[in-house]
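With the working numbering, letter number 299 in the sequence shown gets 299, and the count goes up by one each step, no holes.
Keep in mind that the hints were calculated from the coordinates and are not lab data. Check each hint, because a few of them may be wrong.
[As the list claims (entries may be wrong)] Here are the simulated lysine-lysine pairs, DSS-like style, with alpha carbons at most 25 Å apart:
no., residue 1, residue 2
1, 78, 9
2, 130, 9
3, 36, 89
4, 160, 130
5, 253, 226
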Amino acid sequence: MKMWSTYRKDIIKEKLLHVMESGESVTVWQNRGTEKIKFSAKFLEVTDSTTTIHLEDGYTNADYQLTKDNPIFIHYAKEDYLFKKEAFKTDGLDVIMKTPVELMMRERRTVERFSFKYQDYKNVSLKVGKDENIESISCILKDLSVNGLSLVIHERESAKFLEGSTVYVSAISDQNLSSGVLATICYITPYFVSSEKGSELFKMGLKFNDALESVIFKSINTVISKKQIKQKGLEVSTFNGLSESELEKVLRKISEDNLALANNIREQCENIDRLRYMTLEMKRMFLLEVNLDLLAASLRLATKELVYDLISEVTDTMREEFLFKLDQPKSPSAINKAQDEIVKFIRMKERAGELVLDPTSYEILV
């Protein structure tokens, strides 16, 4: 699970007050060597300076109680809020501490964004308005991915934008845009360069209507350029593969119960992933001869790119039928069994010379 941290006092207080007002429990734990001692608690008070939680009644009879020798961790499972406190004091069932300066939260974005410093002065050019009233506005780029970006605008410009409306992005610093892209405004919120209020700045989040093929990252805080490439996937609402992070998360979960099964699934995923190197003619023959039910089951733990490569060029009817099969959940053991059968079929075709699964097999020599 990927987490990110906020250090803004107002956001931290707002999130913790939300938990307190919900009346829901949080988990408090302390590490004792290899053992994790857990208790249930509820927020009792959250102020700018102090936070108090109240431990469940069963704490008084616990074999191990909280000790000031080790830090405590407080986790709100519903929203995945987490913070750590080195110093605290107890008063009966109450645990009193300074309100945390860092709050970790689960990253909800499926694609990582490159974050730029405000001082990078990377620009985003937008066009707003209609007909003769179109105007260009230059903004400061804050973060960027192939799926969207956020930018900083001055208060006097913010009135020209509305959440849910569409804007035209005509240019982004360091990005080679052959033409502009349409984007939808997801949010507009006050932005502070420092902890000081009254900056007269707003942060605006945009989601591209069509993902960019790639973006690059250059910032004053790094000498290394990074590149992010668009993740291919079918434009459907049903299951059509996993991202790499989603696949890794599933494999970690399987390994907790059955490490050997997880390792075998990982190995077979890599074997099946070689199907992306089929030529168009190989792909046609493969899909005609393979057991599509087994193939669909084996691809329940495949990447979106592989599913896209396999069925993006088939007929609409065949794609719909296959996606219906692919949408049926399977247990890890059933997926692995299907993987084993598909890998056997692939190797048989390779020995017969009908499949050449090599990165250069699709190259046409003239």
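Quiz item: For which of the previously enumerated hints does the structure constitute a violation, in increasing order of number?
Solution: 2 and 5
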